[in-house]
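Protein chains: 2
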Amino acid sequence: MVVKSELKLIKSLQQKKCRNEHGLFVVEGKKTIEEVLKSDMQLYKLFAVDFDDFNTEGVEVNRISNKELSQISSLKNPNGYLGVFYIPKQEQKVLSDWILVLDGVQDPGNLGTIIRLCDWFGVVDIVCSPQTVDCYNPKVLQATMGSITRVHMRYTELKAFLSSSELPIYGAFMDGVSVNDLKLPEKGILIMGNEGKGISDSVAQLCTDKLAIPQFGGITTESLNVASATAILLHEIRK
Amino acid sequence: MVVKSELKLIKSLQQKKCRNEHGLFVVEGKKTIEEVLKSDMQLYKLFAVDFDDFNTEGVEVNRISNKELSQISSLKNPNGYLGVFYIPKQEQKVLSDWILVLDGVQDPGNLGTIIRLCDWFGVVDIVCSPQTVDCYNPKVLQATMGSITRVHMRYTELKAFLSSSELPIYGAFMDGVSVNDLKLPEKGILIMGNEGKGISDSVAQLCTDKLAIPQFGGITTESLNVASATAILLHEIRK
Numbered sequence: 023m024v025v026k027s028e029l030k031l032i033k034s035l036q037q038k039k040c041r042n043e044h045g046l047f048v049v050e051g052k053k054t055i056e057e058v059l060k061s062d063m064q065l066y067k068l069f070a071v072d073f074d075d076f077n078t079e080g081v082e083v084n085r086i087s088n089k090e091l092s093q094i095s096s097l098k099n100p101n102g103y104l105g106v107f108y109i110p111k112q113e114q115k116v117l118s119d120w121i122l123v124l125d126g127v128q129d130p131g132n133l134g135t136i137i138r139l140c141d142w143f144g145v146v147d148i149v150c151s152p153q154t155v156d157c158y159n160p161k162v163l164q165a166t167m168g169s170i171t172r173v174h175m176r177y178t179e180l181k182a183f184l185s186s187s188e189l190p191i192y193g194a195f196m197d198g199v200s201v202n203d204l205k206l207p208e209k210g211i212l213i214m215g216n217e218g219k220g221i222s223d224s225v226a227q228l229c230t231d232k233l234a235i236p237q238f239g240g241i242t243t244e245s246l247n248v249a250s251a252t253a254i255l256l257h258e259i260r261k
Numbered sequence: 023m024v025v026k027s028e029l030k031l032i033k034s035l036q037q038k039k040c041r042n043e044h045g046l047f048v049v050e051g052k053k054t055i056e057e058v059l060k061s062d063m064q065l066y067k068l069f070a071v072d073f074d075d076f077n078t079e080g081v082e083v084n085r086i087s088n089k090e091l092s093q094i095s096s097l098k099n100p101n102g103y104l105g106v107f108y109i110p111k112q113e114q115k116v117l118s119d120w121i122l123v124l125d126g127v128q129d130p131g132n133l134g135t136i137i138r139l140c141d142w143f144g145v146v147d148i149v150c151s152p153q154t155v156d157c158y159n160p161k162v163l164q165a166t167m168g169s170i171t172r173v174h175m176r177y178t179e180l181k182a183f184l185s186s187s188e189l190p191i192y193g194a195f196m197d198g199v200s201v202n203d204l205k206l207p208e209k210g211i212l213i214m215g216n217e218g219k220g221i222s223d224s225v226a227q228l229c230t231d232k233l234a235i236p237q238f239g240g241i242t243t244e245s246l247n248v249a250s251a252t253a254i255l256l257h258e259i260r261k
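The listed protein sequences correspond, in order, to chains A and B. Here our numbering = 1-based position in the first sequence + 22. Here our numbering = 1-based position in the second sequence + 22.
No lab work stands behind these hints: they were computed from the structure. From a predicted model like this one, the values you see are computed outputs, not experimental measurements. Please note: incorrect hints may appear among the correct ones.
Because identical chains share one entry, a pair is satisfied inside a single copy or across any pair of copies.
Okay, derived cross-link-like pairs now, SDA-like style, lysine to any residue, Cα gap no bigger than 25 Å in a straight line [claimed, not checked]: (1) Lys115 x Gly239; (2) Lys89 x Asp231; (3) Lys261 x Asp203; (4) Lys53 x Ser245.
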């Protein structure tokens, strides 16, 4: 049995405000929890309905009933495992290598996919505008598949961040120069914009280059999904 | 008011079995319906709660109440517009150019994103194994954003289809040759596999080449999402 106040606390972590207030976030799913346990992230508490084959690296697991779990889970069909972890402190070191900057990405599935892409392409630093969806949102975490443990997330005002950097700044635009015609440097900043509105004007002004992914044949579809576009541009960057 | 039997019919179209039985599928969302109306697809019936600014190309719209719409919509928050269209007949012509083959893609969001990518990259023909998620599934349609009207979908046994083609067959594998090291031809078949299991053994045997997207740095994450991988490979094909 889990005490009522604890259930209430965990349930409240579905909201960004409460996550920030308590400095905690929730991970669901056995495999992802096992991955987070192996990382540098600090555990607050672990719950499971049944934990015979749960590889918990020696930490204590609290038994929870299916009924209790369904009260606090963000999933329609909770899968028996829930971990609460401390939100890591944002690192403030100067960033080099390639950095991905997100200017207002709103869809949790897109952010989750983008984090997973950064993990694949070894782009460790992701800098998000305050308007970008919170990376500890349960739907983002579901889409990252544990990759969240291998990237550094930073939420900050982009204008100040970009102005302070000496790296070349590439923004993804519909009307940019084809990525096929450019030679990309070894280090830089890549900015991806909001799903509907793209990169905001004030951020666009700070871009040193405008990139585009060429469409084939006539113009038919409006735009590429931001996660698909990020996949292609990170692949080009790392080639 | 919409008659009860009609509401029942439309609701049943959320299931693949009923879609195939009636040869009908449902599109929700004003913008997507407007796009489908402009295409070659044949309308069965159109419903709207309020249609003052609904661009229906002159076809009749049936008024529906919010309550009726919520009974038949597949959306948590129905948005006021619902169209029922006839499922187009599968074309049986011989395919050339690049063809995308999907071997058991299961996630509706992934299939929707892949259809949108094919539209962007001008890959018109998508051939799916019978185990691939149905492209008229409401969640697929939501993710395609109207691109479904500009591609040809075919569901068929892949072994027979691939055996009858004379095009080179490229399969996406974790242990394939880096796509950066290959020169791809002007025409061919690209096969993407299931999210968890990849390309099935019997289909893998028919591949003439195995492709892979190189990971950067050490191996950390398990795999790229199938839609992200498709984005990168279609981009390479069309370069």
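key: Structure versus earlier hints - violations, ascending order   = 2
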